[in-house]
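Number of protein chains: 2
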Amino acid sequence: MSRVIRTAAAQLGPIGRNETRQSSVARMLELMREAHASGAQLVVFPELALTTFFPRWYFEQQQQIDYFFETEMPGPETRPLFETAARLGIGFYLGFAERIIEQGVSHYYNTSILVNRQGKIIGKYRKIHLPGHQENEPWRPFQHLEKRYFERGNLGFPVFDALDGKLGMCLCNDRRWPETYRVMGLQGVEMILLGYNTPLHYPLAPAHDHLQNFHNHLVMQAGAYQNGTWVVGVAKAGIEEGCELIGQSCIIAPTGEIMVQCDTLEDELIIEDCDLDRCREIRENIFNFSLHREPQDYQLICQPKLSTEA
Amino acid sequence: MSRVIRTAAAQLGPIGRNETRQSSVARMLELMREAHASGAQLVVFPELALTTFFPRWYFEQQQQIDYFFETEMPGPETRPLFETAARLGIGFYLGFAERIIEQGVSHYYNTSILVNRQGKIIGKYRKIHLPGHQENEPWRPFQHLEKRYFERGNLGFPVFDALDGKLGMCLCNDRRWPETYRVMGLQGVEMILLGYNTPLHYPLAPAHDHLQNFHNHLVMQAGAYQNGTWVVGVAKAGIEEGCELIGQSCIIAPTGEIMVQCDTLEDELIIEDCDLDRCREIRENIFNFSLHREPQDYQLICQPKLSTEA
Numbered sequence: 001m002s003r004v005i006r007t008a009a010a011q012l013g014p015i016g017r018n019e020t021r022q023s024s025v026a027r028m029l030e031l032m033r034e035a036h037a038s039g040a041q042l043v044v045f046p047e048l049a050l051t052t053f054f055p056r057w058y059f060e061q062q063q064q065i066d067y068f069f070e071t072e073m074p075g076p077e078t079r080p081l082f083e084t085a086a087r088l089g090i091g092f093y094l095g096f097a098e099r100i101i102e103q104g105v106s107h108y109y110n111t112s113i114l115v116n117r118q119g120k121i122i123g124k125y126r127k128i129h130l131p132g133h134q135e136n137e138p139w140r141p142f143q144h145l146e147k148r149y150f151e152r153g154n155l156g157f158p159v160f161d162a163l164d165g166k167l168g169m170c171l172c173n174d175r176r177w178p179e180t181y182r183v184m185g186l187q188g189v190e191m192i193l194l195g196y197n198t199p200l201h202y203p204l205a206p207a208h209d210h211l212q213n214f215h216n217h218l219v220m221q222a223g224a225y226q227n228g229t230w231v232v233g234v235a236k237a238g239i240e241e242g243c244e245l246i247g248q249s250c251i252i253a254p255t256g257e258i259m260v261q262c263d264t265l266e267d268e269l270i271i272e273d274c275d276l277d278r279c280r281e282i283r284e285n286i287f288n289f290s291l292h293r294e295p296q297d298y299q300l301i302c303q304p305k306l307s308t309e310a
Numbered sequence: 001m002s003r004v005i006r007t008a009a010a011q012l013g014p015i016g017r018n019e020t021r022q023s024s025v026a027r028m029l030e031l032m033r034e035a036h037a038s039g040a041q042l043v044v045f046p047e048l049a050l051t052t053f054f055p056r057w058y059f060e061q062q063q064q065i066d067y068f069f070e071t072e073m074p075g076p077e078t079r080p081l082f083e084t085a086a087r088l089g090i091g092f093y094l095g096f097a098e099r100i101i102e103q104g105v106s107h108y109y110n111t112s113i114l115v116n117r118q119g120k121i122i123g124k125y126r127k128i129h130l131p132g133h134q135e136n137e138p139w140r141p142f143q144h145l146e147k148r149y150f151e152r153g154n155l156g157f158p159v160f161d162a163l164d165g166k167l168g169m170c171l172c173n174d175r176r177w178p179e180t181y182r183v184m185g186l187q188g189v190e191m192i193l194l195g196y197n198t199p200l201h202y203p204l205a206p207a208h209d210h211l212q213n214f215h216n217h218l219v220m221q222a223g224a225y226q227n228g229t230w231v232v233g234v235a236k237a238g239i240e241e242g243c244e245l246i247g248q249s250c251i252i253a254p255t256g257e258i259m260v261q262c263d264t265l266e267d268e269l270i271i272e273d274c275d276l277d278r279c280r281e282i283r284e285n286i287f288n289f290s291l292h293r294e295p296q297d298y299q300l301i302c303q304p305k306l307s308t309e310a
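If you read the sequences in order, they're chains A and B. Residue 1 is where the first sequence starts when you use the numbering used here, and the numbers rise one by one after that. Residue 1 is where the second sequence starts when you use the numbering used here, and the numbers rise one by one after that.
Calculated directly from the structure, the hints in this document are not laboratory data. Careful, some of the hints might be misleading.
The list treats identical chains as interchangeable, and a pair is accepted whether it falls inside one copy or across any two copies.
In the EDC-like style, the derived pairs of lysine to aspartate or glutamate whose C-alpha atoms are separated by at most 16 Å in a straight line are [stated by the list, open to error]:
no.: 1; residue 1: Lys120; residue 2: Asp161
no.: 2; residue 1: Lys147; residue 2: Glu294
no.: 3; residue 1: Lys120; residue 2: Glu137
no.: 4; residue 1: Lys124; residue 2: Glu70
no.: 5; residue 1: Lys124; residue 2: Glu244
no.: 6; residue 1: Lys120; residue 2: Glu284
no.: 7; residue 1: Lys305; residue 2: Glu294
no.: 8; residue 1: Lys305; residue 2: Glu19
no.: 9; residue 1: Lys305; residue 2: Glu102
These figures come from a predicted structure and were not determined experimentally.
Turn these sequences into a full structure, and let the hints guide you.
Structural data, given as structure tokens:
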């Protein structure tokens, strides 16, 4: 049985603050239809794909923040994604801001879902490595308040049986951390889906701005190779509300090679036939975990942070 | 006080099976003098730098194996390295096969040492990620019997105070594993020294042979960036006893950028001024461990291998 997933990475251009969810969904539906027309079985959208990247602003009123969060998925505006996916028989990954209310208390997460070819949610991930800062820092040209607006994800890094393979998810800054890939690699992941919103300008070390694209690919290629997994990285790109976001959405083979890459900063679709059996080329050889890992020497990695640390 | 270490990576070309230790040491002394003449304070030699890469052969007699191991360091043939280093005031890293005898039992390690500018050994590392296989596999064009000839290193991944910085070491296949860098990163490492002997041809997946140079740099650049550390990777290169070894020795900044790289497969020296304070550009920002690591979600990485695994 073939284990090739024809996979589409659906990069989005910028989404303005006043653009509606209906508008974002309409753009994604167009990309989904294009993906289906090319024979894709899976389409991957970015992180926080329904709205502008709102953590760039400090909001004083909770109502302003809540505006950007979904309280149901699908909800009225997102239902067409699910219906079209089911009708076309195409799965998808979607990043969005998730608000849930438990015993009267609201919880906020930076979330992604995996939807199968029948339009059903079969996997959920909540972002663990939240970047940025917690308090308003007016010296910055823009804020990055993910640590303020989101709680740390509470679902770990799960791996899901889907499309005859083992699929995992993460979001944006997660991709910089080798632990993200390894925890899924140890569960046999064969394809990691991830969306990102990555500003070109990093206010803490502006001398590194010219390295953003290099770092973006470096960490995803290393994560793919070191775990023998496909990686599908999808940007929201372009100049969004005056903030430049990098593009370079790509699909990376288990060898770490970039197989296909976006060449615009706009809505753009790229497609690759991802043969999940190619993971074995790496996982049964150079990164044969059972033969070559040495966890007795990794213990420091799993120790709690020192109390002197934040 | 300046924390710039002018560092030399001293790539070696091939060492034939019949070449003597005296000959290898003479070549290293020439590179050491060249490094000193350029103002270097530290020179980094490859893994198993004193002899040919002997794990490529299956030996039936222990005496044939023992021939390649050092029982004292310095010994008669290696003493000139230490004496010259002390005289010139230059530190060095050296990889060699180490045999120690404890209570009448011999132990064998793939080892590296760090020698200070006074010619004293101040750090030792024994290779943990031993690649290859344990039994003779005659179908291979050459063997890779590290798992047969060496015991797994028993010193962990220590970090040493040296040259006004924190220096760590690893060897060859260790560099492919992100855990190697992370365990040292968590101890504040600022420069990782590593030597390698990497065949261009990988008999288990020959279709990947053309990726060997790419993978070599990918893992070292990712390890440097993800831990904000300098990495000095030094090859034994060229055609050694019919086996092609990759070169591409290089010095990598904490940003993951390759600052300087060898362009031959022969004895070759490259030099870089490594400012240890540049580690902070990464470690206090994007990879600020105390702010951004999430070890509670990494636990799988440190669990013992399953009993069903080898």
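So, going through the hints one by one against the coordinates:
1. Lys120 <-> Asp161: within (13 Å within a copy, 56 Å between copies)
2. Lys147 <-> Glu294: Only across copies: Lys147 and Glu294 sit 13 Å apart there, 34 Å inside one copy, limit 16 Å.
3. Lys120 <-> Glu137: neither (41 Å within a copy, 49 Å between copies)
4. Lys124 <-> Glu70: within (14 Å within a copy, 55 Å between copies)
5. Lys124 <-> Glu244: Neither: 29 Å inside a copy, 47 Å across copies.
6. Lys120 <-> Glu284: For Lys120 and Glu284, neither the intra-copy (33 Å) nor the inter-copy (42 Å) Cα distance is at most 16 Å.
7. Lys305 <-> Glu294: between (22 Å within a copy, 8 Å between copies)
8. Lys305 <-> Glu19: neither (41 Å within a copy, 50 Å between copies)
9. Lys305 <-> Glu102: neither (29 Å within a copy, 38 Å between copies)
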